[in-house]
Amino acid sequence: MNLLYGLAYLIGAPLIGGIVIGIDRKITARMQSRVGPPILQPFYDVLKLFEKENIVVARPQNFFVFAYVAFMALTGLMFFSGGDLLLAIFAMTLAEVFLVLGAYSANSPYSFIGAERELIQMMAFEPMILLYAAGMYLATGSFLVSSIAATSMPLILLLPGIFAGLLYVTTIKLRKSPFDLSATQHTHQELVQGVMTEFSGPTLGGIEIARWYETVLMLGFVYLFFGFSPLLAIAAIVLTYMFQIFMDNTYPRFKWSLVLKSSWLVAATLGMINILVLWLYFKGGL
Amino acid sequence: MGYIFAKPNIICEGHEGVYNDSGVSKVNELIFLILFPFLAALLLLIIPRDKIRRAVGYIAALIILGASVYLLYGNFSSTVQYFGLSSDLVNRAMLITEGLIAIYIAYMSLKFRKYYPLVLIVLQSTVLVYFEFSRPTEAILNNLFLDKLSLVMALIIGVIGSLICIYSFGYMKDFHVHHKDAKDRRGVFFFVMYAFLGAMFGLVFSNNVLWLYFFWELTTICSFILIGYTKTDEAVNNAFRALTLNLLGSLAFILAIFYLGTMGSPTLALDKILLMDKAIVLLPVVLIAFAGMTKSAQLPFSSWLVGAMVAPTPVSALLHSSTMVKAGVYIMVRFAPLLYGSLPGLMLSLVGGFTFLIASGIAISQSNAKKVLAYSTIATLGLIVACAGVGTYEAVWAAMLLIIFHALAKCLMFLSVGTAEHKIGSRDIEDMEGLATRMPGVGVMMLIGMAGMFLAPFGMLISKWAAIRAFIDVNPVLFGLVAFGSAMTIFFWAKWMGKIIAVTRANGIANGRMNRDELAVLVVLTILTIGACLSFPLISHYFAEPFVLEVYGMAAQLGQDNITIMLLMFAAVLLLPFSMLYFRKKGKQLPAYMGARPSTPDLHFSGTAGVEKELSLNNYYLENMFGETRLMKTGVMISVVLVVMMFLFAWLNYAGVLA
Chain A
1 MNLLYGLAYL
11 IGAPLIGGIV
21 IGIDRKITAR
31 MQSRVGPPIL
41 QPFYDVLKLF
51 EKENIVVARP
61 QNFFVFAYVA
71 FMALTGLMFF
81 SGGDLLLAIF
91 AMTLAEVFLV
101 LGAYSANSPY
111 SFIGAERELI
121 QMMAFEPMIL
131 LYAAGMYLAT
141 GSFLVSSIAA
151 TSMPLILLLP
161 GIFAGLLYVT
171 TIKLRKSPFD
181 LSATQHTHQE
191 LVQGVMTEFS
201 GPTLGGIEIA
211 RWYETVLMLG
221 FVYLFFGFSP
231 LLAIAAIVLT
241 YMFQIFMDNT
251 YPRFKWSLVL
261 KSSWLVAATL
271 GMINILVLWL
281 YFKGGL
Chain B
1001 MGYIFAKPNI
1011 ICEGHEGVYN
1021 DSGVSKVNEL
1031 IFLILFPFLA
1041 ALLLLIIPRD
1051 KIRRAVGYIA
1061 ALIILGASVY
1071 LLYGNFSSTV
1081 QYFGLSSDLV
1091 NRAMLITEGL
1101 IAIYIAYMSL
1111 KFRKYYPLVL
1121 IVLQSTVLVY
1131 FEFSRPTEAI
1141 LNNLFLDKLS
1151 LVMALIIGVI
1161 GSLICIYSFG
1171 YMKDFHVHHK
1181 DAKDRRGVFF
1191 FVMYAFLGAM
1201 FGLVFSNNVL
1211 WLYFFWELTT
1221 ICSFILIGYT
1231 KTDEAVNNAF
1241 RALTLNLLGS
1251 LAFILAIFYL
1261 GTMGSPTLAL
1271 DKILLMDKAI
1281 VLLPVVLIAF
1291 AGMTKSAQLP
1301 FSSWLVGAMV
1311 APTPVSALLH
1321 SSTMVKAGVY
1331 IMVRFAPLLY
1341 GSLPGLMLSL
1351 VGGFTFLIAS
1361 GIAISQSNAK
1371 KVLAYSTIAT
1381 LGLIVACAGV
1391 GTYEAVWAAM
1401 LLIIFHALAK
1411 CLMFLSVGTA
1421 EHKIGSRDIE
1431 DMEGLATRMP
1441 GVGVMMLIGM
1451 AGMFLAPFGM
1461 LISKWAAIRA
1471 FIDVNPVLFG
1481 LVAFGSAMTI
1491 FFWAKWMGKI
1501 IAVTRANGIA
1511 NGRMNRDELA
1521 VLVVLTILTI
1531 GACLSFPLIS
1541 HYFAEPFVLE
1551 VYGMAAQLGQ
1561 DNITIMLLMF
1571 AAVLLLPFSM
1581 LYFRKKGKQL
1591 PAYMGARPST
1601 PDLHFSGTAG
1611 VEKELSLNNY
1621 YLENMFGETR
1631 LMKTGVMISV
1641 VLVVMMFLFA
1651 WLNYAGVLA
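Those sequence lines, one after another, are chains A and B. Here the first sequence stands for residues 1 to 286, where the numbers follow my numbering. Here the second sequence stands for residues 1001 to 1659, where the numbers follow my numbering.
Take the hints with a grain of salt, since some may be wrong.
Just the calculated beta-carbon pair ranges, DEER-fashion [unchecked claim]: (1) A:P38 <-> B:M1637: 56 to 62 angstroms; (2) A:L3 <-> B:A1279: 30 to 36 angstroms; (3) A:L3 <-> B:L1648: 49 to 55 angstroms; (4) B:R1092 <-> A:Y281: 46 to 52 angstroms; (5) B:G1553 <-> A:N2: 33 to 39 angstroms; (6) A:N2 <-> B:S1367: 25 to 31 angstroms; (7) B:S1606 <-> A:A29: 37 to 43 angstroms; (8) B:V1523 <-> A:A29: 53 to 59 angstroms; (9) B:M1625 <-> A:P38: 41 to 47 angstroms; (10) A:K52 <-> B:A1572: 25 to 31 angstroms; (11) B:T1600 <-> A:L15: 41 to 47 angstroms.
Taking beta-carbon pairs under 10 angstroms as the criterion, some of the chain B residues facing chain A (in silico) [stated by the list, open to error]: (12) A1483; (13) I1500; (14) V1551.
Here are some chain A residues the structure puts well away from chain B; computed CB gaps all over 12 angstroms [said to hold, decoys possible]: (15) A8; (16) L10; (17) A29; (18) R59; (19) I129; (20) G141; (21) M153; (22) I156; (23) A164; (24) S177; (25) P178; (26) A236; (27) V238; (28) M247.
What the hints contain is simulated information worked out from the structure, not anything from laboratory work. We put the beta carbon where it would ideally sit given N, CA and C, even for glycine.
Chain A extracted, bound-state conformation (with noise of 0.2 angstroms):
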């Protein structure tokens, strides 16, 4: 474990976070033939969110929300510290779920149904990202971060199904269409800002930088695959930001139930297929 790393996440994730952010607005907007905000706007955006006045239905929700971030940045620094994945992403669990109660909290028609999508969403994602970290330990013997971004083995060409897999459900974590159930970036939508409705100023701020840490994070991950050659990293990184913002204007919001079903379904097959071959070929002696 390296905690130099995770301390540079602390500090790092949020101003490349904003960044990548700031480009995808504009690519987005230069797909919609706008011209698009400047690429330091998400910064200007959450700084003027801080000079706000603090307005909330329930008070218990500036603490879910802090909760929420702080868990958020905890996940961070204990992927990229290079600790257990399978506690990073136990984790990102427990951030998720205080963000999903802030939003109940509030007991608002809008940031309810939100919730109830959020957790939708989370189940929808759980099984794939623990088949990727069952793929990752697999093909290297270990859980820990650090061992496994130190493997000189091409992961990428180990676990096919699990990257594509993992591929699908991070538009999930990105909040991006089709997958944006819960709470979206574009402007129309049934549900306000669902999940986000109730959340103003300050507290707002605050969940805009847990997505900083956590588009950071879902970056990381892809990382892992290619740990073998950080330039191939960069580039791989750089295509799949590329690949969902595509999807993102390419592709209209699907139901619900489309959500979860096709996510499982690819991690039931792709995912668990990956995983069966592995298995077989390292502990089956295949």
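Start from chain A and add chain B according to the hints.
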């Protein structure tokens, strides 16, 4: 009393013939724990006045609690110990009691015209009687024993069980106020509750499989009486369903005993069976595992545990956390080393895995709080069964942790739901909206119980983590089943938590004061739940690891770094609520956004033409995907196939086809 049996031929620490004074006192501790609850039960049965009965019940429960903690204190660092008792008298008494139970079951089945239990008990008694007369006389020297697993089980039974008993006095008083139609048979109720504890102690201390079977039968009959307590049609039906399924298990159990007692080198001593060649004893072990499946409500036998929720809540708490279902998993964990690496063991673990998956799915579609808890119990038991079926040292270690943490969190959940039910008059999750503000104490304890069931860094999640690490090495399919099942548990727990923490301002504080004793039990359980999570490395180090080391000669661990991170996370979770002191006053409050219509804090908004309308929010239950009937049907089909294959493989092994 126990001293009479105990004095001759004491064997301690496995050294035959060594007479040891501390051995005598220790075996008396065990005998005390087994017999004292029965004694207390008899007293409670005959005392008619409620106040005196309660006083006696409290004292008895505290003595049981104290005795089990004392047992821990005296055996903290000891290894497995065997105790011989001259058992002729005891055996005869057990046989007579078994006869009486059989007659009682036969009578009840005839009275209520339920003939399945009748058939089963006749078959079972025939096998038992035939066995008693035909078996070669083998004197079992060590009838009782104590190792880390029985010690942990005894603690769970003694501490959680007696807390439930204390809780039940206040609860049952309220219960009969709320249920005027049910006849007040509290004497019988407490009799059976306490007897249940005695039976469980006997079950975990028995080294003689015949004794184990006797106590096994006692738990079956106790649960039968408790489930049918209110004597409504539903209660009677469900009680008989529980009885039928459990007797089916008992039949398998007695067949296993018959096999063990009449095979080439017959033995009924648990320790000897565990040392025998896998190829010889696999068939009886599979039969016993089958019995364990029925008792711990695995698919396809899950329906009885769901039906058992008609009983008063303390009964559910007792059945789900510290007794009954834990007896089933206990026996499977005991035999796990023999199941390890065998095809029947693989089938058993898959039954467990599918039970986890299916039961977690069904829990999503339930709005009845007790039903959600029931399915979550079945799911967790599935996980433990999967661990036992896998049978590696890592899996058994995980199983033991699961047993401990599940017992605590689930007991807390049931009892707080029971208390809330009496105050708000409903056990529907939708009616628990805003419980954290309406009944802050119970609401918060419920939240802690739920967090304890599925969130990092609480105990259940740590154990689940240990379990999936064990699975991935042995069986990736099992890992997959647990991955999907876990995703579902997040959904149904989190949406329930959401209901409770919703801040509502209209419903007001629930009226009526809480029963002080109930509250005390809840607080103690909450402290225990948090305490157990905090001391998780110690629990693993002093109980789970030594047991695994004893059985397998190897110990599993989570690794120092991970434990440190877990504890840091736990500290963070515990400290977080204090930030509420800061956030409590922060922020200007406005009503929720309702499509830009003027609205009030209690979810009223002005609709068209000046009509004020009220809005209500209900959770998703996703009935189409996770409906009970549909999933249950699938689960039963899969599990029946697996069980049949389990027996088929065991039979092929017996016949020598699979060596």
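Going through the hints against the structure:
1. A:P38 <-> B:M1637: 56 to 62 angstroms: holds, 59 angstroms
2. A:L3 <-> B:A1279: 30 to 36 angstroms: Distance hint for L3 (chain A), A1279 (chain B) is violated at roughly 52 angstroms.
3. A:L3 <-> B:L1648: 49 to 55 angstroms: Given range 49 to 55 angstroms: holds, Cβ gap about 54 angstroms.
4. B:R1092 <-> A:Y281: 46 to 52 angstroms: Taking Cβ atoms as reference, R1092 (chain B) and Y281 (chain A) lie about 60 angstroms apart, which means the hint is violated.
5. B:G1553 <-> A:N2: 33 to 39 angstroms: At roughly 35 angstroms between Cβ atoms, N2 (chain A) and G1553 (chain B) fall inside 33 to 39 angstroms, so the hint holds.
6. A:N2 <-> B:S1367: 25 to 31 angstroms: Given range 25 to 31 angstroms: violated, Cβ gap about 48 angstroms.
7. B:S1606 <-> A:A29: 37 to 43 angstroms: holds, 39 angstroms
8. B:V1523 <-> A:A29: 53 to 59 angstroms: Holds: the Cβ-Cβ distance is about 57 angstroms, inside 53 to 59 angstroms.
9. B:M1625 <-> A:P38: 41 to 47 angstroms: For P38 (chain A) against M1625 (chain B), whose Cβ atoms are near 44 angstroms apart, the range 41 to 47 angstroms holds.
10. A:K52 <-> B:A1572: 25 to 31 angstroms: holds, 28 angstroms
11. B:T1600 <-> A:L15: 41 to 47 angstroms: holds, 43 angstroms
12. A1483: holds, 4 angstroms
13. I1500: holds, 9 angstroms
14. V1551: Because about 23 angstroms separates V1551 (chain B) from the closest Cβ in chain A, which is outside the 10 angstroms limit, the hint is violated.
15. A8: About 18 angstroms separates A8 (chain A) from the closest Cβ of chain B, which puts it past 12 angstroms; holds.
16. L10: L10 (chain A) is indeed farther than 12 angstroms from all Cβ atoms of chain B, at 15 angstroms.
17. A29: holds, 27 angstroms
18. R59: violated, 6 angstroms
19. I129: The claim breaks: I129 (chain A) does not keep its Cβ more than 12 angstroms from every Cβ of chain B (closest is about 9 angstroms).
20. G141: It is violated; G141 (chain A) is separated from chain B by about 10 angstroms at its closest Cβ, not greater than 12 angstroms.
21. M153: The assertion about M153 (chain A) holds, with a minimum of 18 angstroms to chain B.
22. I156: holds, 20 angstroms
23. A164: holds, 16 angstroms
24. S177: holds, 21 angstroms
25. P178: At roughly 19 angstroms from the nearest Cβ of chain B, P178 (chain A) sits farther out than 12 angstroms, so the non-interface label holds.
26. A236: Given a closest Cβ separation of 24 angstroms, the condition holds.
27. V238: Non-interface label on V238 (chain A) holds, nearest chain B Cβ at 29 angstroms vs cutoff 12 angstroms.
28. M247: The assertion about M247 (chain A) holds, with a minimum of 22 angstroms to chain B.
Hint compliance for this structure: hints 2, 4, 6, 14, 18, 19 and 20 are not met, and every other hint is.
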